[in-house]
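Asks: The primary structure of each chain is shown beneath.
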Amino acid sequence: MGAHVDFAPSYTPEQEAFRSEVRAWLSEHMPKTGGDLDSDENYRKFRQLGRDLGKRGWLRPTAPKQYGGGGLDVASAIVLYEEMDAYGLPIPPYYDSGGWLGGASILVWGTEEQKQRLLPPIFTGDVVTWQLLTGPEAGSDLAGTKTDARRDGDEYVINGEKIYVGGSHGADQFWTITRTNPDGDRHKNLSWFMIPANLPGITVRPMELLGDGGEGIGAGVKNTVYFDNVRVPAANLVGGENNGWQVASTHLELEHGSGGSVGRNRWFTRALRWANEQQRDGRPLIEDPEARDRLVDIFVLTEISRLFGLRNFWMNRTHQPMTYEGPQSSYFRKLSGLKITEALHSLFGPYALTHDERWDFSEGTLDAYQRSAIVALHPGGTADIQKVIMARRIGMGREERESAGKTVE
Amino acid sequence: MDLSLTESQQLLKQSVEDFIEREAPRDTLVELQQTERGFNDTIWKTAAETGWLGMLIPEQYGGGGAEFTDAAVVYEALGHAPMPGPMFSSGVLSAQIIQHVGSEEQRQRHLPAIASGEVICTFALTEPEYRWGLHGVRMRPREDGEHYVLDGAKLFVYDAHAADYVITAVRTGDGEDDIGLLMVDTKTPGISTRRLGGFTSSESEVIFQNARVPKSALLGRPGGVRNALDRALMNATPLLCAYQVGGAQAVFDLSVKYSRERVQFGRPIGRFQFVQNHIVQLVNHLDAARWTTYEALWKLDSGREATVSVHLAKAVTSEGYREACDYAHEVHAGTGVMREYGLTLFTRLSRSLYHALGEPRYHRKRLADLVATIAVD
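Protein chains in written order, with my numbering: chain A, 663 to 1071; chain B, 985 to 1361.
Hints in this document: simulated from the structure, not taken from any laboratory.
These figures come from a predicted structure and were not determined experimentally.
One thing to keep in mind: the hints can contain errors.
What the hints assert, rightly or not - Cβ-to-Cβ under 7 Å is the rule here; a few derived chain B residues that face chain A:
#1 S1243
#2 G1254
#3 V1355
#4 A1356
Stated by the list, open to error - So the derived label-pair ranges between C-beta atoms look like this:
#5 L1354/B to G750/A: 23 to 31 Å
#6 E949/A to S1087/B: 37 to 45 Å
#7 Y1338/B to G696/A: 45 to 53 Å
#8 P946/A to G1208/B: 32 to 40 Å
#9 G750/A to Y1338/B: 36 to 44 Å
#10 S1087/B to E952/A: 38 to 46 Å
#11 Q982/A to S1087/B: 42 to 50 Å
#12 D702/A to G1250/B: 57 to 65 Å
Where is the CB? At the ideal position from N, CA and C, for every residue including glycine.
Model the full assembly from the supplied sequences, consistent with the hints where possible.
Replies: In structure tokens, the structure reads:
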């Protein structure tokens, strides 16, 4: 309990000094990019930036130092996020969902040996990890997965298929949930694995989707991953055999937004800039009262979203008891995304839909957002699933209020 | 960054809640709502004696000199009851106007009486051609020696029926800035007040018929009102938002409880996903209202530019409270519209306060005026 309600991070002189250090370092190491951010060449540059950040412990700033994290306090981590956000980039600057969520899960559920072996490559940016959750048969019903892992000596043999996976530039390993006892009780027959991506029997095939779901550089494509008698060392089973549903609670808790965020949705700033630049009836579009009303619609939605993210960031990092806040933020972001794309469409008309080289003024972002806002309805649980979880956490629908999953970072 | 309430804020909140439990439980409030005055002496005396009423008034004028967030914690707890009475109209809105628009002599004369509860004051802006904002002020007094003579009506004035003074906005000329605020004693001959019936809370009419008001009743200087009044409104608005947030929170609490207890088709209705959806939407409105409001308060307390945040908060909160009540009624169905259950106390306020200090459309319009200047970093 502080002396004041305070929405702004406050920084000690040491943390301000840290900001100067970060700023100077980033200005030196930030790669020069051109054209499509998601091109192979640009991606390689951002991967290198990730490794460089990782060497300094800045890739996972609040993760424990002994496993390759930064061991930094919350305010210093915010400094890092803010300074990266100034470049429009998250940490890591590339798609690494399995590193984020798998890393957090291993921190809670892994053995000491697993933490020492699996976490440093993730936290230092040596590897990129994709999460593999959804199967053709198991979408919202994650526990219904039919990807099987059968014990055979010191190994498990994995067979099955996961969809909506990863991004466009490949991964080093996969973080996935499997069924380790097809005849076992529901929720008591699941196990998680960290699987090297180069094992024999693994096939990755790109899927054709409407858009990328807006998950950052390298998320341009989703894939199907096939497992055909893939032999994985038993030492890579994390959290205990058939204990996978417990482990999932950590993974899902974070994916549902309980980690929060300090950045903001950039669509208001962008829309404002374009409304100033675009002409209608010989005047800047922003002089049209209708256009300003649409900008306000976008502003209101992005402000609420920002405040939900900020609240969750604070609750998560200061270990306040959380219930429905994670899925609330996730739900609101998904639904407001659709409303924002409608406001942008109303504001800019058909320009909102084209990435034509001659006429599009948004470098392809408007068209991409119209699509990705729709794609973004499902990752990390559909909007409806977020509502179901909220209801459980609020204490409706079940005998007992469900509590939030355990996270430690 | 620290979004938790301080220890003293939690104690404040507790003291309001204790008082409500003791003196103003929901069935008492349901009864009070039916009375002509709408509140009682116990409420008013307690608000004054505990210092809740004058919290925001500076200490040198007999108030508590509290910060905005402290006062908001109290107003949120009052809104959770929902406690009726002119606390906000008098102790916050009128006091802020007098503090910012009035002269030093006027501050010394009026503020201590407001803080002690001895005098009840309210603010009358809108007229039969209803429109929030100074543009809507048409009433133009005649000058007669040392007096202004007022004719006409102020309409939808909160708490005027209980007020000793009505701060009346009048036009003193044709220019945009020709606005005067008169501290009008409601006992002046030719002035009558009447509470309006219907789905209202304390909205009243104030009729002026050849009412003679001394020129000394003019707050501040003629022509110097606009900016000072704006300051006062920017300061007062988030406190009203906090009261609305308290109401939305209560409506959420009621709905969750009901969804767990009400059994239909052999199970609590909270098991049905349509019912769950109502409460999910309700809590989204509640939290949007809460965090926009408290961020605006924090900006005021920390001396940051708060105009955009205040307009945002009022737009989101007025919409949110109204929607929260709509969803609560979907959850409660028939039970919710029974007077004795108490939900309608909130529903009534969610409607009545929707347009108080400007309806959401007004605040969105102000945001639209400012939108080109909003710099987000």
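Asks: Each hint: holds or not?
Replies: Hint check:
1. S1243: 5 Å, holds
2. G1254: Where the cut-off is 7 Å and the nearest Cβ of chain A is about 3 Å from G1254/B, the hint holds.
3. V1355: Result: holds, 5 Å to nearest chain A Cβ.
4. A1356: Result: holds, 6 Å to nearest chain A Cβ.
5. L1354/B to G750/A: 23 to 31 Å: 25 Å, holds
6. E949/A to S1087/B: 37 to 45 Å: Because 41 Å falls inside the window, the suggested range holds.
7. Y1338/B to G696/A: 45 to 53 Å: 51 Å, holds
8. P946/A to G1208/B: 32 to 40 Å: For G1208/B against P946/A, whose Cβ atoms are near 35 Å apart, the range 32 to 40 Å holds.
9. G750/A to Y1338/B: 36 to 44 Å: For G750/A and Y1338/B the Cβ distance comes to about 39 Å; the hint holds.
10. S1087/B to E952/A: 38 to 46 Å: Roughly 44 Å apart at Cβ, these two residues keep to the hinted range, so it holds.
11. Q982/A to S1087/B: 42 to 50 Å: With a Cβ separation near 47 Å, Q982/A and S1087/B satisfy 42 to 50 Å, so the hint holds.
12. D702/A to G1250/B: 57 to 65 Å: 59 Å, holds
Hint violations for this structure: none, all hints satisfied.
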